[in-house]
Amino acid sequence: MKEESMIRGADIVVQSLIAEQAEIIFGYPGGAIMPVYDALYDYHEQIKHVLTRHEQGAIHAAQGYARVSGKVGVCLATSGPGATNLITGLADAQIDSTPLVCITGQVAAHLLGTDAFQETDVVGISMPGTKWNIQVRRVEDIAPAIAKGFYIARSGRPGPVLIDITKNAQVDFGQMNYTPCLGFRSYKVHQPIDPNAIQKASELIKQAKRPYLLFGQGVVLGKAETELKFFLDKTGIPAASTLLGSGALSEDHPNYVGKLGMHGNYAPNLLTNQCDVLIAVGMRFDDRVTGDLKRYAKQAKVIHLELDAAEINKNVKVEVGVLGDCKESLSMLTEAVEQGSHPEWLGKFRELEQMEKEAVMQHDITPTKVGLTMGEVISQINRYKADDAVLVTDVGQHQMIAWRYFHYKKTRTQITSGGLGTMGFALPAALGAQLHDYSRQVICVVGDGGIQMTIQELGAIMQTKAPVKIVLLNNNYLGMVRQWQQMFFDKRYSFTELDNPDFIKLAEAYGIKAQKVTERNTLTESIEDMLIHDGPYFLEVVVEKEDNVFPMIATGCSVEEVRLS
Amino acid sequence: MKRYTIFVITENFIGILNRITIIFTRRGINIDALTASESSVDGIHRITIEVTTSEEMVVHLVNQIEKIIDVIKAFYHEDSGVVYQEIALYKIPVARLDGSLEKIIRQHHAKIISAEQEFVVLEVAGHKEQTQELLEILKGYGLLEFARSGRVAVAKRMRTIDQYLS
Ligand SMILES: Cc1ncc(C[n+]2csc(CCOP(=O)(O)OP(=O)(O)O)c2C)c(N)n1
Ligand SMILES: [Mg+2]
Numbered sequence: 000m001k002e003e004s005m006i007r008g009a010d011i012v013v014q015s016l017i018a019e020q021a022e023i024i025f026g027y028p029g030g031a032i033m034p035v036y037d038a039l040y041d042y043h044e045q046i047k048h049v050l051t052r053h054e055q056g057a058i059h060a061a062q063g064y065a066r067v068s069g070k071v072g073v074c075l076a077t078s079g080p081g082a083t084n085l086i087t088g089l090a091d092a093q094i095d096s097t098p099l100v101c102i103t104g105q106v107a108a109h110l111l112g113t114d115a116f117q118e119t120d121v122v123g124i125s126m127p128g129t130k131w132n133i134q135v136r137r138v139e140d141i142a143p144a145i146a147k148g149f150y151i152a153r154s155g156r157p158g159p160v161l162i163d164i165t166k167n168a169q170v171d172f173g174q175m176n177y178t179p180c181l182g183f184r185s186y187k188v189h190q191p192i193d194p195n196a197i198q199k200a201s202e203l204i205k206q207a208k209r210p211y212l213l214f215g216q217g218v219v220l221g222k223a224e225t226e227l228k229f230f231l232d233k234t235g236i237p238a239a240s241t242l243l244g245s246g247a248l249s250e251d252h253p254n255y256v257g258k259l260g261m262h263g264n265y266a267p268n269l270l271t272n273q274c275d276v277l278i279a280v281g282m283r284f285d286d287r288v289t290g291d292l293k294r295y296a297k298q299a300k301v302i303h304l305e306l307d308a309a310e311i312n313k314n315v316k317v318e319v320g321v322l323g324d325c326k327e328s329l330s331m332l333t334e335a336v337e338q339g340s341h342p343e344w345l346g347k348f349r350e351l352e353q354m355e356k357e358a359v360m361q362h363d364i365t366p367t368k369v370g371l372t373m374g375e376v377i378s379q380i381n382r383y384k385a386d387d388a389v390l391v392t393d394v395g396q397h398q399m400i401a402w403r404y405f406h407y408k409k410t411r412t413q414i415t416s417g418g419l420g421t422m423g424f425a426l427p428a429a430l431g432a433q434l435h436d437y438s439r440q441v442i443c444v445v446g447d448g449g450i451q452m453t454i455q456e457l458g459a460i461m462q463t464k465a466p467v468k469i470v471l472l473n474n475n476y477l478g479m480v481r482q483w484q485q486m487f488f489d490k491r492y493s494f495t496e497l498d499n500p501d502f503i504k505l506a507e508a509y510g511i512k513a514q515k516v517t518e519r520n521t522l523t524e525s526i527e528d529m530l531i532h533d534g535p536y537f538l539e540v541v542v543e544k545e546d547n548v549f550p551m552i553a554t555g556c557s558v559e560e561v562r563l564s
Numbered sequence: 000m001k002r003y004t005i006f007v008i009t010e011n012f013i014g015i016l017n018r019i020t021i022i023f024t025r026r027g028i029n030i031d032a033l034t035a036s037e038s039s040v041d042g043i044h045r046i047t048i049e050v051t052t053s054e055e056m057v058v059h060l061v062n063q064i065e066k067i068i069d070v071i072k073a074f075y076h077e078d079s080g081v082v083y084q085e086i087a088l089y090k091i092p093v094a095r096l097d098g099s100l101e102k103i104i105r106q107h108h109a110k111i112i113s114a115e116q117e118f119v120v121l122e123v124a125g126h127k128e129q130t131q132e133l134l135e136i137l138k139g140y141g142l143l144e145f146a147r148s149g150r151v152a153v154a155k156r157m158r159t160i161d162q163y164l165s
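Chains U and G, in that order, are what the protein sequence lines are. Each residue of the first sequence is one higher than the one before, starting from 0 at the first, in numbering that gives the first Met the number 0. Each residue of the second sequence is one higher than the one before, starting from 0 at the first, in numbering that gives the first Met the number 0.
Hints may contain errors.
[Stated by the list, open to error] Simulated DEER-style distance windows between Cβ atoms: (1) U:E350 to G:I160: 55 to 61 Å; (2) U:D307 to G:I111: 38 to 44 Å; (3) U:D275 to G:D161: 42 to 48 Å; (4) G:K110 to U:L111: 42 to 48 Å.
[What the hints assert, rightly or not] Keeping only pairs whose Cα atoms sit at most 20 Å apart, straight-line, the calculated EDC-like set for lysine to aspartate or glutamate is: (5) G:K66 to U:D285; (6) U:K147 to G:E55; (7) U:K222 to U:E250; (8) U:K147 to G:E54; (9) U:K297 to G:E10; (10) U:K147 to G:E65; (11) U:K187 to G:E65; (12) U:K464 to U:D41; (13) U:K233 to U:E334; (14) U:K187 to U:D307; (15) U:K293 to G:E54; (16) U:K187 to G:E10.
Worth flagging that the hints you see were computed from the coordinates, not collected in a lab. Bear in mind that the values here come from a model prediction, so they are computed numbers and not experimental data. Just so you know, even glycine gets a beta-carbon here, dropped at the ideal spot from N, CA and C.
Pulled out of the complex, with its shape left as it was, chain G reads as follows (with noise of 0.2 Å):
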């Protein structure tokens, strides 16, 4: 069982996701992490899944989603093969915000993007590993609200999605 990215390129037709989803429902397998956006290029989409299973189980997922017949290209990578990043925000109250939370924040690169009367939003980016110890502290500090994206990456591959286009 490894960490494993998957890319999809595929056109924005209704559905997509739906039929990219039941790949993994049918075959038992929990989607970790999904995120979708347009592409560089116009009318075409990339979805970004992250998923821990067996390196056959991945092979045999992204033959699957290669099948379905508006999807363009699907590939995948182990972590040392994508840059990636998450974004985090954690919602804490104004009245908490001490000196001993701003070093904290200053410590864990974080940005205050937004502040309010009742309550200050913190934004973090980085892999879940460090967003995740900036939340265990920030639960001793009133935490209100905590949102974690899912996974975007870039594949280390010199590709473009010209290339899988042509």
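Bound conformation, chain U alone (with noise of 0.2 Å):
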């Protein structure tokens, strides 16, 4: 029986997405979905819609609104097909720590286990790629699911929700009475930090003569930037960044010493194996990072600070694993340790640093031969760049050097799939970014090998007329696996090579601003045109072929077997 205050499931799916105040929804229609997209035909105004051209699109569109702005992304698709293709997405977030709420529709109830037109079991398929998922039957358990699914994703470790949505749920009638979720019994979310570990950690940290701080993506999402600044400040220890912690910490701070990892700097790797306390802040020892385990800062006493208790001693044993939010864990150590400083331990940083320089940066930066490198491209975007704009890149050799040489100065201004690496993931993810701010400055940062994965997305750019910068760098090739042929694979190079569509004529056809840069000579000016330009802009700049990224730490290595070349 229909009341007067009832209205339909659909209505309730969008009052209750305008409840947790989502601003922007990416996603793509279809018949088990199409409910939702009628009413939302009538909250045009209170919340917008980017129609991608791929729910993949969608997804990573929403990763990257939600990685720049600390907020929820909301990605909407149809049932079978649609929801398959939010998978990689959903195992993106989920290993990047990235909140998301997905909202699939679904076949109707009493169709289900039937195999119906596009069916699929995709809480079933996403459960081991989702931070939670739900199936909504009834059109009564919708506000709650949602608000439940809100909850999930931002607080604690954030990740991906997906919500299944039936279509008799969503078309039935049922109040609208949206309780935002406050927490429930079996997901605690806050743990008091033990006063026991900080105490610990601080004595370790005072007797100390070589300690080192790495701090990964936690110290964003946990919005700790200044405490982490504050320690470093007090205590005067050399802090690298992981892939995804780049930002957390300004690179001018003085104390800060570099990047971690396969294709991080020279000193920050090789040094891991002669400190003696390493203060490991919101990472996880992932095994680019590590490389080989079983030599990995044996030296050191590790202190974790560390929301996620599976991951304290997951990878690395810990002498000192304080549980709970990095912002509290760091403010009450700032508070516990001395003043101290490390000139000769960070002079050993920064000696180290020279030799990179010179074996690599300079070969980079200022390159004697002819062809164009990547790393002088990454260094004339710094000149022009705003002190607050976003890189966001794809998954290759373009990435490694982007964020290599990319002048890092705020936070969540790195925005790149880490730990799935996921080709495909800058273009959708740079116009989520750019979506969530017009006025940012948004780099987008792409191989020739990946942005074909998603280069359907540059008509979701088109439509939107995000002004979204694609720096295309093409080298012909898959690079970063024939990097790896070159290398490890007695330069057979297996299918790598591309033989690339005009990519000019491509974004012309989009109705993109596009350039091709070919010489040295114009690259700056080109670049120049690129961020002065109202509106998206497609640069191309034709790179060597055959370059490598260095240094290198190769797979079953030691951090300390980091190669200059």
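Reassemble the complex: the two chains are provided individually, in unrelated frames, and hints are given to aid placement.
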């Protein structure tokens, strides 16, 4: 029976999203989600919707939006193929702790399990790739599921949530009285920091001769950038960043020593095996950071500040685990430690940095060879970019080079697919990041391989007029794979060379202003043109085909075996 | 490698068993036995999982299980930390029931829990070693069917479910 105050389930979906202060939905319609799309028609003044050209584009855009804003990204798709097209993005958001709420339509409840048209068990398929998921089959369960979903997505260690809503629930009528979720018994978010752990950690730090701090995305997610800076200011401890930690600390900070991992900097990797106390903050000792675990920081006493209990002692055995929000634990630790400085130890980092400059950076940034290098493109971008410009990268050599040379000054300026390494991530993620703030400079650096995985989103960029600056570093190769083939497979370039389309024509077909750079003497000017252009811009830079990324820690090697060539 | 019992105290939501088992599948760990049932508290389920693995792995598994949003608590014990039983049922043709078998039944504290025209069903509760021993013997008596449950177990540690809930 329908009472006056009742509304359709589809309206409840949209009103719930509005109640959660969602501003923008990235999505793609289809049969099983049409009632929600119909409802959206009435709310276009309260909530925006962006039609991407593929559901994978929608979810990566939602990720880009979430990463730049710190809010929950929202994504909408239909059942069956619409839902399965979200899976890559879910897995990506899961491993990179990105808060998302994805809503998928589902066939009507009475058809579940009958192999109905476009029925797929998306809850089953997405179970390992979501922080939480649920199927809603009754209208009265919609609002509570969305409330719980937003709460789970954004609290604790953030992650993606999928809510699958059957069509009958979308068209049935129910009451809308939205109560936000504030917690429930099986999910405890707030762990008070153990003062004993802080005490023990501060003792270790006091005695340390060569302390060393590693920070990861946890600092950004925990909004602990200022606390990190205060801790470093007080202790004078050298600090290095993981891939996703970049931006959490300005690279201008005197204690900042560089980047960790397979293609990170020389000193930060090498000296990991020379420190005596290693303080890891909001990072998870990914294998791309640690190299061979058996030879990783064995000499050091490890202190781990981490929100996720399952991460402590997972890869690296710790002396002191400080469980909880690093915003809190860092400020407690800052209070507990003494003022200090480590000029000699820091000097060691600077010495090795000089070696890297001479052996690698100088050739990357000011090459003497004819062909353009990826490094010089990024270094020219640094000259003209805004301080808070967001760098969105895809996956491959250009990703590593862009990360190595981009000058990070502000938090939430590094958006890349870290844990999953998803080619095709950058273009839609840049769109999402740009749509959070049209006035922000969003620079999308992408390879000729990866851009073709989601190139259809040029269409969404055209339609939204998002002024994304796309920099295609074209080496005509799946460069990173080619580099491995060169180094570890006797230069057998098996299926890595690309015959590419005319990218400029392609961008122009989408009405996007485009320019191609093939010579060094037009590079700087083109970058300037791009950055001042009012609107989306596509800059293709033809770079050296067979350049390699160094330093490198080859698979199975120890951090101290980091190579300069 | 050792035998461990993992206890999971969880909300009784659809899919919870799936969420737990995929954690084992992903790491290539075989589940030796698993039982699930309602607990003494309404709406809360208790799952008991038996695995043979390293302590490092069991800690990792328990941590991952506890990360599941609907799981309230997960913990593990070695055999010495739990009191446990398994139940086994043996179906034997009536024709084979003689004095010697009756003696075996008594020796093994088995019970005849069902007697039909063609067969009887024996029941034994105990540890796997005991139920296995009887199984080997009864194979010589024309055993028709055999079924053994997973482990039901309680921890020796003094904690109640309510303590996990608060
Ligand atoms: C979806 C996906 N498929 C395959 C890979 C493996 N992979 C990693 S880097 C890379 C090459 C990327 O080529 P390109 O986009 O041109 O970037 P480049 O390395 O040349 O800068 C490949 C194929 C991946 N990371 N993601
Ligand atoms: Mg390439």
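Verification of the supplied hints:
no., hint, in the structure
1, U:E350 to G:I160: 55 to 61 Å, "59 Å, holds"
2, U:D307 to G:I111: 38 to 44 Å, "53 Å, violated"
3, U:D275 to G:D161: 42 to 48 Å, "45 Å, holds"
4, G:K110 to U:L111: 42 to 48 Å, "43 Å, holds"
5, G:K66 to U:D285, "19 Å, holds"
6, U:K147 to G:E55, "33 Å, violated"
7, U:K222 to U:E250, "17 Å, holds"
8, U:K147 to G:E54, "34 Å, violated"
9, U:K297 to G:E10, "41 Å, violated"
10, U:K147 to G:E65, "18 Å, holds"
11, U:K187 to G:E65, "11 Å, holds"
12, U:K464 to U:D41, "23 Å, violated"
13, U:K233 to U:E334, "9 Å, holds"
14, U:K187 to U:D307, "11 Å, holds"
15, U:K293 to G:E54, "18 Å, holds"
16, U:K187 to G:E10, "14 Å, holds"
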